[in-house]
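In this text, residue positions in the sequence shown follow the working numbering: the first is 4, and each later residue adds one.
One thing to keep in mind: the hints can contain errors.
[What the hints assert, rightly or not] EDC-like cross-link-like pairs, simulated, lysine to aspartate or glutamate; straight-line CA separation at most 16 angstroms:
no.: 1; residue 1: Lys318; residue 2: Asp328
no.: 2; residue 1: Lys318; residue 2: Glu68
no.: 3; residue 1: Lys378; residue 2: Asp229
no.: 4; residue 1: Lys318; residue 2: Glu62
no.: 5; residue 1: Lys310; residue 2: Asp330
no.: 6; residue 1: Lys264; residue 2: Glu62
no.: 7; residue 1: Lys192; residue 2: Asp229
no.: 8; residue 1: Lys48; residue 2: Glu81
no.: 9; residue 1: Lys217; residue 2: Asp185
no.: 10; residue 1: Lys98; residue 2: Glu126
no.: 11; residue 1: Lys224; residue 2: Asp374
no.: 12; residue 1: Lys292; residue 2: Asp139
no.: 13; residue 1: Lys99; residue 2: Glu123
no.: 14; residue 1: Lys247; residue 2: Asp173
no.: 15; residue 1: Lys276; residue 2: Glu136
no.: 16; residue 1: Lys310; residue 2: Asp139
no.: 17; residue 1: Lys79; residue 2: Glu50
no.: 18; residue 1: Lys264; residue 2: Glu241
no.: 19; residue 1: Lys276; residue 2: Glu166
no.: 20; residue 1: Lys292; residue 2: Glu97
no.: 21; residue 1: Lys318; residue 2: Glu336
no.: 22; residue 1: Lys155; residue 2: Glu123
no.: 23; residue 1: Lys217; residue 2: Asp184
no.: 24; residue 1: Lys194; residue 2: Asp179
no.: 25; residue 1: Lys190; residue 2: Asp179
no.: 26; residue 1: Lys364; residue 2: Glu219
no.: 27; residue 1: Lys310; residue 2: Glu136
no.: 28; residue 1: Lys224; residue 2: Asp184
no.: 29; residue 1: Lys276; residue 2: Glu178
no.: 30; residue 1: Lys192; residue 2: Asp179
no.: 31; residue 1: Lys217; residue 2: Glu277
[Claimed, not checked] Ranges between beta-carbon positions, derived for each pair:
no.: 32; residue 1: Gly266; residue 2: Ala122; range: 38 to 46 angstroms
no.: 33; residue 1: Glu219; residue 2: Lys99; range: 32 to 40 angstroms
no.: 34; residue 1: Lys79; residue 2: Lys224; range: 47 to 55 angstroms
no.: 35; residue 1: Lys141; residue 2: Asp229; range: 28 to 36 angstroms
no.: 36; residue 1: Gln49; residue 2: Lys247; range: 50 to 58 angstroms
no.: 37; residue 1: Gln332; residue 2: Lys176; range: 21 to 29 angstroms
no.: 38; residue 1: Gln49; residue 2: Lys378; range: 47 to 55 angstroms
To be clear, the hints were calculated from the coordinates, so they are not data collected in a lab.
Note that the coordinates shown come from a computational prediction; the quantities given were computed from them, not determined experimentally.
In this text, a Cβ means the ideal position worked out from N, Cα and C, and glycines have one as well.
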Amino acid sequence: MKRFQGLRFGSWCCVVIVLMPFTLLAQDGKAFSQSEWERTVAAAKQEGTVVVSIPTSAELRQQMEAAFHKRFDGIKLELVAARGSASVTRILEEKKAGLHYFDLHVGGTSSIVTGPLRAEILEPVLPWMILPEVRDPKNWWAGHVWADNAQKFIYVFLGYMTETIWYNTDLVKPEDVTSYDDLLLPKWKGKMVILDPRTQGSGESMWAFLWRIKGEGYLRKLAAQDMIVGRNLRQLAETVARGKASLSIGVSYYSYLPFIKAGLPVRPLPVAKEGIYASSGSGNLVILKHAPHPNATKVFVNWLLSKEGQTIFTKAMGQPTRRFDVDTQWTREIGHIAGKEILTPARFYELQNQSEEVVMKFREPASNLADKLFK
4 MKRFQGLRFG
14 SWCCVVIVLM
24 PFTLLAQDGK
34 AFSQSEWERT
44 VAAAKQEGTV
54 VVSIPTSAEL
64 RQQMEAAFHK
74 RFDGIKLELV
84 AARGSASVTR
94 ILEEKKAGLH
104 YFDLHVGGTS
114 SIVTGPLRAE
124 ILEPVLPWMI
134 LPEVRDPKNW
144 WAGHVWADNA
154 QKFIYVFLGY
164 MTETIWYNTD
174 LVKPEDVTSY
184 DDLLLPKWKG
194 KMVILDPRTQ
204 GSGESMWAFL
214 WRIKGEGYLR
224 KLAAQDMIVG
234 RNLRQLAETV
244 ARGKASLSIG
254 VSYYSYLPFI
264 KAGLPVRPLP
274 VAKEGIYASS
284 GSGNLVILKH
294 APHPNATKVF
304 VNWLLSKEGQ
314 TIFTKAMGQP
324 TRRFDVDTQW
334 TREIGHIAGK
344 EILTPARFYE
354 LQNQSEEVVM
364 KFREPASNLA
374 DKLFK
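Working from the sequences, and respecting the hints, build out all of it.
Right under this line is the structure:
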């Protein structure tokens with residue numbers, strides 16, 4: 004943990020822990036009722052469907068569909084997998100047209116903050132959390148955590164330290180890049196790919212983090228390295244996995260998973276000496292106003308945030324949940340270290356890179372700089 008100790012971002016105050024006794028969680032004063040839950044499930048089956056926007060992971064989509072349909076026969080789980088920015092754009096356009104197709108969205112915070120949160124089309128999440136194992140903050144490391152300033156619209160269910168620079172082990176040795184300054188060496192010119200930092204996602208997140216710790220001058224030099232800039236995660240991962248590029252920035256484990264399974268030589272780089280940020284990754288849940296399937300939405304929310312749902316999400320994405328009862332130690336092998344294993348909640352908040360405050364103060368301006376540098 005010593006390698007993270009020198010990384011300080013000054014005051015930070017917008018994501019907070021909500022550590023309330025369970026008796027206060029039921030805002031209407033009612034305790035959990037099994038019969039009420041059964042009525043909700045029955046009503047959800049009458050609605051027949053729940054539509055959820057999720058990240059672009061075939062593994063996630065397949066595992067979630069299989070498990071949900073097995074648990075809730077009679078409720079169709081319709082998963083729309085796409086990059087968060089693309090899904091959010093579609094949701095906003097449909098809302099403007101008076102269409103209400105999606106019930107929920109799960110993804111990164113940047114597109115959520117600048118999209119549906121800003122457009123005020125989100126419902127508070129806590130009232131939709133019914134089951135005791137979901138509502139009780141004691142089951143979650145750091146209690147209930149929110150990414151929005153109001154602390155009620157963007158529920159954060161993942162929390163970890165992330166390594167988002169991956170390399171081809173046939174072309175790069177870990178000791179070749181021990182500092183972010185090493186990415187500026189001439190030997191990497193034209194040999195790196197980056198997930199487009201002009202659009203919301205992990206490329207933009209890493210780009211903003213580098214701006215925070217290294218400054219604008221560093222980003223200008225990095226942009227001059229003739230990187231391949233793309234928005235198709237699978238194509239970027241394949242470029243590195245097949246040796247057409249040496250390094251990637253902002254391309255995460257779930258994009259590399261098919262190539263890892265195929266035995267191709269890709270690994271995440273160890274954390275650079277300057278440190279890395281803490282993240283909620285793709286683990287942020289929002290519920291859209293006028294959800295067309297409200298009861299099915301409640302069922303899905305409680306299933307996703309249950310031990311089963313969080314186990315599936317963590318396994319498919321390689322991004323550790325904050326639930327205490329889900330194993331996350333294995334994710335160390337892929338460069339994602341659970342916050343509950345190495346950080347205090349206070350340290351996590353200090354290093355976090357996904358709150359509404361950070362998005363507005365750092366990530367949006369850094370993305371605007373990318374607009375000027377990548378034509």
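Problem set entry | Broken hints, by number | Hint check: 12, 15, 35 fail, others pass.
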